[in-house]
Amino acid sequence: MSNRLGLQTLTFSKRPRLHSSYTIVGPIEGKGPHALDFDEILPDDVLEQKTPEKTERLILEMAIEKTLRQRNTKAEDVNFFLAGDLLNQITSSTFAASTYGMPFLGIYGACSTFAQGLGLASVLLEGDFAAQVLVGTASHYQTAERQYRYPIELNVQHIASNQHTVTGAGVALLGFDHEGPQVTHATFGTVVDMGLKDAQDMGSAMAPAAFSTIKQHLNDTSRSLEDYDVVLTGDLGKQGRKMLRLLFAQEDYAGLDRLQDGGSQIYSEGQKAGAGGSGAACIAVMTLGYVLNLLKSAKARRVLIVATGALLSPLTVLQGESIPCVAHAIALEA
Amino acid sequence: MKPKEYQKLVQDNSPPRPLLKNMLWAFLVGGLICTLGQVVLNIAGRTENTKAEASAVTLAVMILIGTILTAFGVYDEIAEKGGAGAAVPITGFANTVTSAAMEFRREGLLLGMGAKMFIIAGPVIVYGILSGFIVTLVKALVLKLF
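Chains as they are written, first to last, in our numbering: chain A, 1 to 334; chain B, 1001 to 1146.
Misleading hints may appear alongside valid ones.
In silico SDA-like pairs for lysine to any residue, Cα to Cα no more than 25 Å straight-line [stated by the list, open to error]:
1. K197(A) to K31(A)
2. K1116(B) to V1135(B)
3. K50(A) to L1110(B)
4. K197(A) to P1015(B)
5. K1004(B) to D198(A)
6. K1002(B) to L225(A)
7. K296(A) to K50(A)
8. K54(A) to L312(A)
9. K1021(B) to E269(A)
10. K1002(B) to K66(A)
11. K1081(B) to P103(A)
12. K54(A) to L7(A)
13. K50(A) to I90(A)
14. K1004(B) to G195(A)
15. K1004(B) to K272(A)
16. K197(A) to A160(A)
17. K50(A) to G1108(B)
18. K272(A) to Y150(A)
19. K66(A) to P103(A)
20. K238(A) to M1001(B)
21. K54(A) to K1081(B)
22. K238(A) to P1003(B)
23. K1116(B) to E53(A)
24. K215(A) to D177(A)
25. K1021(B) to Q70(A)
26. K1002(B) to V191(A)
27. K272(A) to F1072(B)
28. K197(A) to L318(A)
29. K299(A) to L225(A)
30. K1116(B) to L7(A)
31. K1002(B) to D39(A)
32. K1004(B) to Q250(A)
33. K1002(B) to E251(A)
34. K272(A) to P1016(B)
35. K1004(B) to A249(A)
36. K50(A) to M1001(B)
37. K31(A) to D45(A)
38. K1002(B) to Y253(A)
39. K1139(B) to G1128(B)
40. K1051(B) to V1135(B)
Read the hints as simulated data drawn from the structure, not as lab findings.
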């Protein structure tokens, strides 16, 4: 069990690398403060497709295509494709997977899916079960609204803690053959349920999960927040970010200035996106866009990605259940 | 931290809803929609013979306006500001039906649009009829007794 640290952390001595990656975002995200970090900004969020579900699938396929092309990787040389999204039966991922014929493992962790994928890909690589693993996720504002909320044109007044699902896709190819940021640790989180029931405020529900995973990661690795240049949580949104800081402050943690949140940062104040971004693509594009740029330009040396997911379903919300949440942490080094 | 303690912490740190601002906007937007309805009613009153006919025409016109504004993606923007002021008048009712029809059109005319058109308006109809029944029942009983 030499690859384990403490209770929940895995350590990767072979240090799988992110060879190549590609991020696509919708036009709204493309007007946000991180526009320059993304590889592609879509002119519109329809792309001449008949349904938003088809559009979501298409942008995932576009991101896969571009990621593979960067290192001239053939789909048959990819040993596993790990992907998930927010739709029932993760259909965007399965339809995209059917296009390429790579061995496919569908995963679901709501908005934490991408970190779950990065962690599992690293495990497969570290264990010599694979030479190259592709990880991807996508989300679309309109498909998520229909899956979890109301018709797009319905008369709904949004409140401050509402988040806006990011339209986009993020795909990364991991392996050992080329240069790229290294995955050093993964801490898979436990499901945390504080009994909150308000599906309009998922940030507050997810914050304790992020707190629990980060705390466990720091304990397991004997590190502090200050050992990381950035600790990027995703997509807590402004309300969740506030709650996470309160939780850390209550236990007198130092280095709260290292905490950043993908959801809170992806839109600017004027964009009327409520508490910020959410959706499976949010942390994916922020990691593969913003964080990789920080690592490449040596503005950061070591970053912890903490992807959070609210594991509710529209059914459990209607039945008055609470919101179980999870967070997975991935440590990246330049 | 225990769930109860955290729930309290969230409660104490949730962003307050701008109630006064929301009420003011609801009053303005709702008032404007009703004023428009009154204008239509006054015009209809000249062309129609009875008051009932005039109000039927008005309802049809207001529903049409709500539907068109929904189809062009404007009504949800009005509701974002106006809240209940946009949701309560009959234009809001038209919006619930139209938005659902638009949303579920892609699953086909029958099992998509046809089946789900009233997914949001449905409860309004069900409980509207139920409360109408109860009020009528009470009225009938009261009239009989006294």
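* Asked: Among all the numbered hints in the text so far, which are the ones the structure does not match?
  -> 1, 2, 7, 10, 11, 12, 15, 21, 24, 25, 30, 31, 36
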